[in-house]
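Trainee: So the sequences go chain by chain: A and B.
According to the working numbering, the first sequence is numbered sequentially starting from 56.
According to the working numbering, the second sequence is numbered sequentially starting from 645.
Please keep in mind that the hints were generated in silico from the structure rather than gathered at the bench.
Note that CB positions come from ideal geometry on N, CA and C, so glycine has one too.
Sample of chain B residues facing chain A (criterion: CB under 7 angstroms; computed from the structure): (1) W696; (2) R698; (3) K721; (4) D722; (5) R740; (6) V741; (7) I745; (8) M751; (9) M757; (10) G758.
Partial list, computed: chain B residues near chain A (C-beta under 10 angstroms): (11) A694; (12) N736; (13) T744; (14) A754; (15) A755.
Now the stretches of chain A that chain B is said to cover, found in silico as 3 or more residues with beta-carbon under 8 angstroms: (16) 170 to 181; (17) 226 to 237; (18) 240 to 253.
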Amino acid sequence: MNTLPWWRIGWRNLGRNRRRTLLTALGLAVGYTSVVVLTGLTNGIIDDMVENATSVITGQIAVQAPDYLPERSIYETIGGRDGVNLAPLLAALSNDPAVAAAAPRVYAGGLVSSGASTAGTLLLGIDVDREAATSRLLSALAEGRLPTAGAREVLIGRELAKQLDVAPGDELVLVAPAADGSLGNDLYSVSGIYSSGMSDLDNNYALLPIRTLQELVALDAGRVHEIALRVLDPWDAPDAAARLTTSVGPDAVSLDIRPWTTLRPELRDYATLAKSSMWILLVVVFAMAIFGVANTLLMATFERRREFALLLALGTTPRRIVAALLAEATALSLISVLVGVATSVPLIAWWRHAPLDLGSLMGDFTMAGALVRPVLRTSSPGGMYVLAAVALLATALLASLYPAFRATRVPPADTLAGR
Amino acid sequence: MRPARWCMLALAFPASLAGQRTPREIVDHVDRMLRGNSSRAEVTMEISTAHWARSMDVAIWSLGTEYSLIRIGAPPKDAGTATLKIDNEIWNYLPRVDRTIKIPSSMMGAAWMGSHFTNDDLVKESRIIDDYEIDLSFEGARDGVDVWEFVLTPKAEAAVIWGRIEERVRRADYMPIWVHYFDERGELSRIITFSEYRRMGGRLVPTVMTVVPSDKPDESTIIRYRELEFDVGLDPSFFSLRRLRAGTR
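Chain A with its partners taken away, still in its complex shape (with noise of 0.2 angstroms):
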């Protein structure tokens, strides 16, 4: 019962017509490196929308008190009424090997008043250096410059400026209900404008040095709403925010550390959807190949009808036949997985090393409030190099049945005499 030469004679037998061969082999490898490929650049696509998405403003991890969200009331800033020593907390947090940088945040919601023209704005309190290395809101400066810490200066979005209709050293007026009760207001300069080209940011913010915002709503320099953490890769936060967890979260102030897909689950969902409908695709191509297949070997079998009935007039199992069918099959399968790995593996590592540029096609677009570049980002594909090959070598052996059983049912006495 040894069922060794059943694989030689199936290995053999791709050697029997090696042009038609290669073409299957070909056309199985084929749809193997597409859905390889197109995993990566829907990955990497995936990534760079929730990167921009993340980077923007929101940060991949923010902390905050427990009751800031959802209300996002102006008193429940970290460390409640008596605030944080700031310094300790940013270098605790920015401890972690996963974060790259911690920017503390105040936020208060207020009317901006030029003229005649009045908007209700949200304020954001920033220190600038370090929301420079967090967020990516301040590279989108347009015109002036950043504002200065500790002076009364402003920095607005592009919409927010066309609609109170200023520029650069203009006066704005802000008015915020202060924490204490009574109805901050003063007067300010605008710095500089920026233009994300995310219209609620460009439309609805205004930002402030953190410690100007902090005197404008009577908050203390130590209370501060938000502490945003950037993590370069977006899909190491939810460790790293579990990590902080455990290593700051204990200490003397109660701290929410929440990663974008607790914040931003919409977010998670799409890039959970979209990296899930590569399934769709992996279905598709094979099912389509699957025909393909089993048609070049069914033809295969009628080319061979005379050496099936002299093995079956030998006294051969209709069973061995089919094991000798089906070890074709994966023989196949096996050498158009090794030309799929051998391509796509150099095509991704490729493309992920110099990125597709399709700026010359088309500008910059949004999707989903996130600013979205025109250059095709690829990532790894991760377990799609197994799950393909898997569905390869189901595809082959599900097609290889047919012929196979087809093969057992050649009569032999007919066949033999030529009838």
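Once you have looked at the hints, place chain B on chain A.
Mentor: For chain B alone, coordinates are given in the frame of chain A:
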């Protein structure tokens, strides 16, 4: 002239008139009680929240439902801050920066000076009887006081923010006891209670109004009338942006 006449009649013969008055007339009377045709008031506004408590001295001038001017006299940090309302528009004057700001319509739901009143409360100019259907829901003794209770339901075309209003009024002298405001989902949103009924400016009025938001029952804004005069002879030209900036006396 109408409200003044109703008031005099109400004060003179409240019991004898009760039978002839419809719920609509009673609610309208209560609605206008603190307004008169024109009025000037000095009030103390005591705001208490979970985070701070403060008291402001506020002067209010009003003419009909279209015009009002509100100026803060104390504490010093806010003194001189003023709000002008003409029809549906509101301007704030900020003395610290010497600027006047028109409140955008998107901010109408925001709190006025940190209180539990919104800008919208200042703006609503229409009379309550124009926007609501009014039904008498109870008539008789409550806690030993003879009262009416009314349910106010918005008319289909009315642009109002409340889903329903309930109001309890003393039968003897038409004094309001409380008003409950319900949101569109039918949940209680805030309660205004009236107390310390005294004669001011020639009328019997509730001199203390307490607003309690239902989602924060520990917070409140209390308005205490210190002075109240009716029919003080204001005309629309009084309510100007110049007056808003310059003060009023």
